[in-house]
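Enquirer: Below are the chains, spelled out letter by letter.
2 protein chains.
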Amino acid sequence: MFEAAELGRKVAKAEFRRREAGLRLELLELQQALRGADFPVLVLFGGVDGAGKGEIVNLLNAWMDPRWIVTEAFGEPSDEERERPPYWRYWRALAPRGRIGLYLSAWTSPPLLARAYGELDVAAYDEALERIAAFERTLAEDGALIVKFWLHLGREAQKRRFRRLEKDPLTRWRVTERDWRHWRMYDDFVAAAERLIRRTDAPDAPWHVVEGTDLRHAALTVGETLRDAMRRRLETPPTAPSPPPPAPDPGPTVLSRIDLGRRLDKARYRRELARWQGRLAELGREAAVAGVSTVVVFEGWDAAGKGGAIRRLTAALDARRYRVVPVAVPTDEERAHHYLWRFWRHLPRAGRMVIFDRSWYGRVLVERVEGLAPPEAWRRAYGEINDFEEQLVEHGTVLVKLWLHISDEEQLRRFRERAETPHKRWKLTDEDWRNRERRADYERAVHEMVQRTSTTAAPWTLVAAEDKRHARVEVLRTVCGALARRLEG
Amino acid sequence: MFEAAELGRKVAKAEFRRREAGLRLELLELQQALRGADFPVLVLFGGVDGAGKGEIVNLLNAWMDPRWIVTEAFGEPSDEERERPPYWRYWRALAPRGRIGLYLSAWTSPPLLARAYGELDVAAYDEALERIAAFERTLAEDGALIVKFWLHLGREAQKRRFRRLEKDPLTRWRVTERDWRHWRMYDDFVAAAERLIRRTDAPDAPWHVVEGTDLRHAALTVGETLRDAMRRRLETPPTAPSPPPPAPDPGPTVLSRIDLGRRLDKARYRRELARWQGRLAELGREAAVAGVSTVVVFEGWDAAGKGGAIRRLTAALDARRYRVVPVAVPTDEERAHHYLWRFWRHLPRAGRMVIFDRSWYGRVLVERVEGLAPPEAWRRAYGEINDFEEQLVEHGTVLVKLWLHISDEEQLRRFRERAETPHKRWKLTDEDWRNRERRADYERAVHEMVQRTSTTAAPWTLVAAEDKRHARVEVLRTVCGALARRLEG
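As given, the protein sequences belong to chains A and B, one line each in that order.
Okay, so the first sequence: first residue is 2 according to this note's numbering, each after it adds one.
Okay, so the second sequence: first residue is 2 according to this note's numbering, each after it adds one.
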C-alpha cells in the first residue's frame with residue numbers, strides 16, 4: 002500500500018515558492034466561502050512519526066486565517082475526559098459549521114498504537130476501526146467534509162529523519178526514546194496502518210497517502226488536495242435526495258401491548274415509593290463511591306407525567322450528584338454541530354447521574370413527525386443512536402431509557418385539567434394540542450424507535466403511565482434494577 | 002454574630018408539613034415566573050459541617066422543578082480546573098438567566114478553610130474576601146439575584162449532630178476524621194466565618210445566618226427567605242437608572258502621543274521578523290514545557306492590521322498550542338450569562354496560548370459608543386475587567402494587551418483599497434463605514450480605556466500601526482518581552 006509513497010518525490014525551493022503563493026490565495030478564498038456554508042471541514046492527520054504532520058498543520062494555519070481554524074492535538078486525556086467514553090474528547094473538539102478543524106493524534110491513534118503494541122487482537126482492532134468508520138460516517142452524513150492524510154516515510158527515510166533532527170541542537174529534543182522504540186517496531190506499525198487505512202477509507206471520508214520524505218512536496222500535496230476537496234464541495238449544488246418509499250403501516254404497535262390498566266392505590270403507593278426511593282438512595286451512594294455514571298432518558302406523550310416521575314426519582318438522590326437536562330430548542334452553538342453534539346456535551350462525570358427530560362430521540366420522534374428532519378436524516382439516526390449508546394454502555398455508564406405511555410383519552414383528560422388549573426396552565430401550549438392531532442403518526446414513530454433502538458445493551462422500558470402512581474414506582478424500580486445490575490452484578 | 006443562631010429554634014412535624022405545602026406551591030410558581038425573567042438566582046450555602054446544607058439543597062430540589070435548577074458542589078478541582086485561575090470553575094458553573102443555581106462549598110470555602118488552618122494571615126484573608134465581594138458585585142450588577150445562607154450550629158450542637166450521625170449505621174460514613182478535626186478547631190472556624198460574613202455582606206448579596214440545630218426550622222427559613230427574595234425581585238419594576246453626567250472632554254488623548262511615523266523598510270522588516278519569530282518559537286516551546294499559559298488581546302481600529310499581525314504571531318507558534326478566538330456576536334448561550342462569561346470559558350490550559358481578536362474590551366468600546374450597553378454597565382466594566390485580568394496574572398498567565406493604532410486618513414486609504422481589491426472586499430462591511438463617522442467618540446473611549454485599565458500587572462501596549470511592517474514586528478517584540486519576563490525573570 003505504501004510503495005507508491007516511497008518514490009522520493011521532491012519539490013525544489015523555487016517551485017515551492019511559486020506554487021505556495023497561488024495555493025495560499027486559493028485556500029484563503031475558499032476559507033472565506035466556507036464561512037457562509039453550512040458544513041465544517043474536518044482534516045485528520047495520521048502517519049509515521051517524523052513525517053512532518055505537525056509542520057504541515059502549522060503551515061496550513063499560516064496559509065489560511067487561523068481565526069477560523071480549530072487545531073487539536075490529543076495527548077494524555079485529562080481526568081474530565083477519562084470519566085467519559087473515549088470519543089467524548091473528539092466530539093468536544095469538533096469544528097462547527099463554516100470552520101476548518103485540523104486534528105492530530107486523534108481518533109485513529111489509540112487503536113493503531115494498541116495494535117502495534119499487540120494489545121489488541123485482530124478482531125478487537127477491527128471493532129475499533131469500525132467505530133472510527135461509524136464516527137466519520139455520522140459526521141459526513143451530517144454534511145461534514147472529511148479529508149484524511151496519511152504522511153508516510155519508509156523505514157530508512159524515518160531513520161534518516163530522526164538522525165537529522167538529532168544532529169541539530171534546536172530540534173534534538175523532538176526525538177525521544179519512544180520514537181526509536183517505535184522505529185524498531187516499524188513493521189508492526191506499517192501492518193496496523195495498512196489495515197487502518199483499508200478499513201476506514203470511505204467515499205465520504207477518504208484517506209490520502211502522502212509521501213513525507215520531502216516536506217515541501219508533502220505540504221503542497223496536502224494543501225492542494227484540501228483545496229480541491231473544498232472547491233469541489235463548495236461548487237457542488239446540493240442534490241435533492243430522492244423521496245424515500247413510505248414505510249409500511251406497522252399494524253398494531255408495541256404500544257398496544259402495554260397494559261394500561263395497572264394501578265396502585267394510595268396506601269400501596271406510599272409503601273412502594275418509600276421502599277424504592279430508599280433503595281435508590283442507597284444505590285446512588287454506592288454508584289458515587291464506585292465512580293459509576295448513569296444516564297436516564299425520559300420520553301413519552303405530552304402530559305404522560307415525565308416531570309412528576311423525574312421529581313420522584315431526584316427526591317431520592319443527592320442534588321450534588323445529579324443534573325436534570327431539559328431538552329428544548331437547541332442553542333445556536335448546538336445548531337452549528339451534529340445533532341448528537343449537544344447530548345455528548347452533557348454526559349456525566351464519574352459517579353454522577355444525568356437525567357434527560359426528552360433526548361436525542363427527538364430526532365426520530367418530533368423531528369420525524371413534524372418534518373423538521375428530512376427522512377434520510379431521521380432514518381440514519383437509528384444507527385447513530387445505537388452507536389452512541391453502545392459507547393456509553395461500553396464505558397460502563399448505566400443507561401436507562403423510559404417511554405411513559407398513556408392513552409389518547411387520558412391525555413385529553415389531563416390537558417383539560419391543566420387548562421382549568423391556574424398553576425398548571427403554563428404547562429400546556431398550543432403545540433401540545435396540535436401534537437394530539439398527529440397521534441397516529443407519533444405511535445408509528447414510537448413503534449419504529451423501539452423496534453430499532455431497543456438493544457440488549459440499551460433496552461427500552463415501556464411504562465404504563467395511565468396511573469401516575471404506578472408509573473412513578475415503575476420508573477424507580479427500573480432505575481434501581483439497572484443500577485443494581487451494574488453495581489452488584 | 003452567631004448568638005442569635007443558637008436559640009434552639011424548632012419546628013414541630015405537623016407545623017412543618019403545613020408550612021411546607023404552601024411554600025412548595027409558592028416556590029414552584031416563582032420558579033415558573035423566573036423562567037421568563039432576564040436574571041439568574043444564585044444561592045450560596047456556607048456554614049458549619051453537619052448543619053444540614055446538603056439536606057436543604059436536596060429539599061429545595063424536591064420542592065421545586067429540578068429541570069430549571071443547577072446544583073453544584075465543588076470538591077477537589079479537576080486538572081482542567083487547576084490549569085486556570087481559581088474562579089474559572091465558578092464562572093463555568095453559573096446558572097444562566099431564568100434559572101436557579103444552588104452552590105455548596107463554593108467560592109467562600111477555600112479562603113475560609115485556609116484561614117482556619119492558619120495558612121492565610123489576616124491581610125491575605127481580607128484580600129481573598131475582597132475578591133469574593135467583587136465577584137458577587139459583578140454578578141449582582143449584571144442583574145443576578147444573590148442569596149447567601151450561613152447554616153450555623155453551636156459547638157455543642159455540632160458535637161451532638163456528629164454523634165447522632167455516627168450512631169446510625171446508615172449515616173455513619175458521613176462523619177469523617179476530618180470533621181472531628183475541624184470540630185476541635187471550632188473557634189478558629191467561627192472567627193474566620195465571622196470575618197467572612199462581615200466583609201462579604203452586601204445589600205445585593207446579603208448573608209442570612211440560619212440556625213441549623215433543627216433541620217425543619219432551617220429548611221423552612223431558607224425556603225421562605227428565598228421565596229421572599231424572589232418575589233420581591235420579580236415584583237419590582239425595573240427602575241430606569243438616572244442618566245450619568247457626560248464625561249468631560251479628555252482633550253488630547255493617549256492616542257495623540259503615539260508616533261505614527263515609525264516605519265520599517267522591507268529589508269529591515271525581513272530581518273526583524275525572522276529574528277522575533279525565531280525568538281517567539283523558542284519562548285513558545287519553553288512556555289509549553291513550563292506550563293505557562295498566555296492570553297493575547299488584540300484591539301484596534303478597523304483595518305489597523307489585526308489579522309495580519311495575528312498571522313505573523315501564529316506563524317511562529319505550534320498550531321497545537323495556540324487558538325485564535327475571533328470575538329463577534331455572542332451566541333445565545335453566551336447572552337444568557339454575564340458578558341465576561343464568554344471570555345472565561347476560552348481561557349487556555351497550561352502551556353497554551355489564546356489570542357483574542359477583539360475581546361472583553363468591546364464593552365467599553367463598541368458597546369459604549371454604539372449605546373449597546375447602558376452607561377452604568379460600561380462604567381462598572383473597568384473595575385470588572387481589572388479584577389478579571391488580576392486573576393489571570395495572579396494565576397501566572399502571561400497577559401498581553403495590544404491596541405493597534407492608525408490615523409483616520411490611513412484608515413480611509415485602506416478601506417478604499419479593500420473596496421477595490423476583489424479578494425479583500427469581504428473584509429469591509431457597511432458597519433465599518435458607519436464606525437468611521439464616530440471616530441471622535443471612539444478615541445475618547447480608547448483614551449478612557451487605557452487610562453482605567455492599563456495597570457502595572459496588565460499594561461496596554463499602544464502599537465503604531467500606520468506602517469504594517471513596523472506594527473507586526475512591534476507586536477512580536479511585545480509578546481516576546483512579556484513571555485521572557487515571565488519565563489526568565
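Hints may contain errors.
Identical chains blur together in the list; that is why a pair holds if it fits in one copy or across any two.
To be verified - Computed list of lysine to aspartate or glutamate pairs in EDC-like fashion (alpha-carbon distance at most 16 Å, straight line):
hint: 1; residue 1: 428; residue 2: 236
hint: 2; residue 1: 14; residue 2: 73
hint: 3; residue 1: 469; residue 2: 303
hint: 4; residue 1: 425; residue 2: 127
hint: 5; residue 1: 425; residue 2: 30
hint: 6; residue 1: 160; residue 2: 391
hint: 7; residue 1: 428; residue 2: 66
hint: 8; residue 1: 469; residue 2: 120
hint: 9; residue 1: 425; residue 2: 66
Calculated from the structure, these hints are not laboratory results.
Enquirer: Taking the hints in turn, state whether each one holds.
Expert: Tested hints:
no. : hint       : result
1   : 428 to 236 : neither (47 Å within a copy, 22 Å between copies)
2   : 14 to 73   : neither (29 Å within a copy, 58 Å between copies)
3   : 469 to 303 : within (13 Å within a copy, 61 Å between copies)
4   : 425 to 127 : neither (53 Å within a copy, 48 Å between copies)
5   : 425 to 30  : between (55 Å within a copy, 9 Å between copies)
6   : 160 to 391 : neither (41 Å within a copy, 49 Å between copies)
7   : 428 to 66  : between (48 Å within a copy, 12 Å between copies)
8   : 469 to 120 : neither (51 Å within a copy, 55 Å between copies)
9   : 425 to 66  : between (52 Å within a copy, 13 Å between copies)
The structure does not agree with the numbered hints 1, 2, 4, 6, 8 stated previously, though it agrees with the rest.
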